[in-house]
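K.L.:
In order, the protein sequence lines correspond to chains C and D. Residue 1 is where the first sequence starts when you use this note's numbering, and the numbers rise one by one after that. Residue 1 is where the second sequence starts when you use this note's numbering, and the numbers rise one by one after that.
Derived by calculation from the structure, the hints in this document are not laboratory data. All C-beta atoms, glycine included, are put in the ideal place defined by N, C-alpha and C. Hints should not be assumed to be uniformly reliable.
What the hints assert, rightly or not - Below, simulated PhoX-like cross-link-like pairs (lysine-lysine); rule was C-alpha separation at most 20 angstroms, straight line:
id, chain 1, residue 1, chain 2, residue 2
1, D, K81, D, K117
2, D, K155, C, K9
3, C, K19, D, K81
4, C, K169, D, K225
5, C, K149, D, K225
What the hints assert, rightly or not - Here are a few chain C residues that face chain D, going by a calculated C-beta distance under 10 angstroms:
id, residue
6, V20
7, I86
8, I89
9, H161
10, G163
11, S165
12, N181
13, T209
14, N247
15, L248
16, N383
As the list claims (entries may be wrong) - Label pairs and their calculated CB-CB ranges:
id, chain 1, residue 1, chain 2, residue 2, range
17, C, V20, D, D205, 16 to 26 angstroms
18, C, Y26, D, E121, 30 to 40 angstroms
19, D, D203, C, V20, 54 to 64 angstroms
20, D, D203, C, A46, 25 to 35 angstroms
21, D, D203, C, K327, 41 to 51 angstroms
22, D, T88, C, K169, 44 to 54 angstroms
23, D, D34, C, K169, 50 to 60 angstroms
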Amino acid sequence: MMKLNDYTKSNELFRRALKVVPAGVYGHLGPASGCAVPISAFPLFAEKAQGAYFWDADGNRFVDYMCAYGPNILGYNDPDVEAAAIAQIKKGDCMTLPTELLVDFAELMVDTIAMADWAFFAKNGGDVTQFATMIAKAKTNRKKLVLVKGFYHGVAPWCQHIGYSGIIKEDVMNNFYIDWNAPEQLEQLVKEHPGEIAAFISTPYYHPTMVDNALPAPGYWEKIRKICDDNGIVLIIDDVRCGFRLNLKGSDYHYGIKADISCFCKALANGYNVSALCGTNEMRGAAEDIMYTGSYWLSAVPFAAAIAAIKKMKEIDVAKVVTEKGKKLTEGLVKVAKSHDFDLIVTGEPSMWYMRLGNDYPSTILHQEWVAECVKRGVFFTNHHNLFINAALSDEDIQFTWDVADEAYKAVRRMHPELNRN
Amino acid sequence: MDNVTKAKINLFAVLRNIQDLCELDDVSKDIIKDEKTSVSFNVPDVGTASLIFKDGKCTFVPDQSKAQLKLWFNSPEHFNKLIDGEKTIPMFINIFKVGFLLNTFTKLADRLSYFLKPTEELLKDRKYFEINTILTAYTAFFAMCQIGNSDEVGKIVASRIVDGDIACGIPGGIQVTINVTNGVMSARLGGSENPRAVMEFADLDFAHDLLNGKTSSYKGLGEGKFLIKGKLSMLDQVSKLLTMVGHYLM
C-alpha cells in the first residue's frame, strides 16, 4: 500500500490566504476552478519544482501532469533556460528601453512559426487574444466575432459569458457562437450578417474543460479557411494552450492551414512570463495602428528564457517527444483501467490529453474519486481539464503513474462494493 | 431584475414556505390546527398556487387555482407589494372566507416574515436559527429555479445546464433536488436517487453562514464544510443563479 499524502501545511496556508486573498487561491490554480474535487485530496500550495515533479508545501512529491497548466514543457528548471534567464537577470530586466533580445526573439518566432511575418510580445495569453481581436476589428472595420461554444480565450469581458459575475449583456453582444466542427454554421452566419464579421477565433482543436475533447474533422480547417478568405474574415488561432505541443511551426500548420493571426503563451518560455502574437504581413498595418502595451511586456529576462526554450524545443523536437510520451502513458492508463473493468476514455492530442471514466456517465463522480486517489498517492491530475506532458517525464515516472493508477482503481472499488465483479 | 420573476419567486419560493413553516414552527402549527380551508393566489403573467389547510397541516400546490377562497391580484407588482409587507388588498371571491384572510393567513404571513427577517438577537435561539436556515435554504433553491425559468439572463444560464438532478442538502438533514430538463428547472424537497451533481453542506451552521453571505463557498471547500461532486459544470451555472437570488430578494 502506498503512503497517502498529508496536507496539513497546505490547508493551514489556505486558511491564512482566505483572510487576505479573495477566494484564498483565485483563478485556475485554486479550488474555484472546479478542477480539484474533492479539494481534500489536493495540495493547494507548492514549494518547489524540478523536471517532471513539484513538491507541495508539506513536502509531498507529485509527478505533475498539469505542468503549471501548460507552461512546463521542457521540465521545471530546465538548465539551459535557467542559465539564459539568470545571465540576463545580471544584466537587467525591465528597463527604459528594450534590449536586443526583443529583435532576436521576434526573429526567432518568425523563423519558427510557419505563418509568422512578425511577432508582438505581452505577458499572458489573454493579452494576445484580446489584441488579436482588436487587430481583426481594425483591419476589417467590423465589430462581430465568431467563437466556438465551449471556448476559452482568457478572462476579458468579451470572452466570458452572460450571467457570469461582472459580465453585462453589452460585453458579449458582438459575439456569435457556433458548434465545433460545424463550418456550415459559420457559413450561415456569414449569409445572415454579410460584411459584419471581423474574425473567427478558435483553438486548433476542441479542448474545453469538463467535456471530451475533439480533433478537427477531415477538411474542417480548410473549409473554415476558405469561408474566411471568401468573406474577408480574419482567422485567429488561439494557440496559447496547444502551441509547441503539437508542432513547433504552429498548430495551424499542424492541421494544414495558415492562420492570419496566432496567439502563443504557456510553453513559449518554459514558465517565464511572456506571450506572443504572430501575424501575417496583411495584419501588420492594423497591429501598428493600435496602442497596446504594458509596463513589463518588453522585459528582457523572459525574452532570454523564451529564446533558450525555443532553441531547445527545436533541438530535441519537443512536440514529437511529448506526443510519444503522451501516447505511451495514456495507452498504459487505459490498460490499467481495463484490468479493473473500468473504461477510461482518452480524447484530444496525446501531449495534452483529456480523460474520464466512461463507467459513471452521467455524473463523473467515479472519475473524480479515482483522480483524487491518484493525487493522494503522488500523481497530480485534475478532474476535468486536459492534462499536459513535459519532456522531462521519464519511463520510471510513467511506470509510477501506472502503479498509482492501479492502486487508485482498487481504492475506488473498495469505496463502491456495488461495482465489484462477481 | 424584473417584476414577473420577482412575483414568481414570491409565489413559488417565498409563499410556499408556509407549508414548511406549519411543520417546523409550533406557533404556526397551533394557528392552523383547526383550519379546514384552501386559498389560491392568482397573479397575471405569473401563475397560480394554492395553500390547502387540512388536518393540522398545510400543503402548497403550485398551478392550482381551485380553492374556497380565491385571491386575484391586478399585476405582479400588486402581488409583490403584498409579500413585501405593504398594505394592499387583493380582489377576492368568497366573502365567507374573509375571516381566514384577515386572521389565520395574516398571522401565518407575520410568522413567516418573523422567520425570514432575522436579527442577531433572534438567531441566538437555536430553534429560531434552525427554522430560519431551513426556510432560507428552501427559498434560495426554489427561487433559483424561478430565475432560471423566467429572468432574461437566468434563462440563458439555465440553458447551459445539462439535464439531470442536482442533489443539495445536509447529510441526514434537509434535502432539495433541483431537476433540469431541456433548460427548464424545478425544485422538490427530498433527495435524488441518481443525482448528476451534488452540493453538500456539512451542517446547518455552515449552510446558514453561506446562504447569508457570512462565509464563502471557497472557505467551505477548504475547510471541508462544503462538498461538491459530479457534473461540476451544472454546479458552476447553479452558483450563478444563486447569486442572482440575492439580487431579487435583497
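K.L.:
Can you list which hints this structure breaks, lowest number first?
P.N.:
Hints 2, 3, 4, 5, 6, 7, 8, 12, 14, 15, 19 and 22 contradicted; others consistent.
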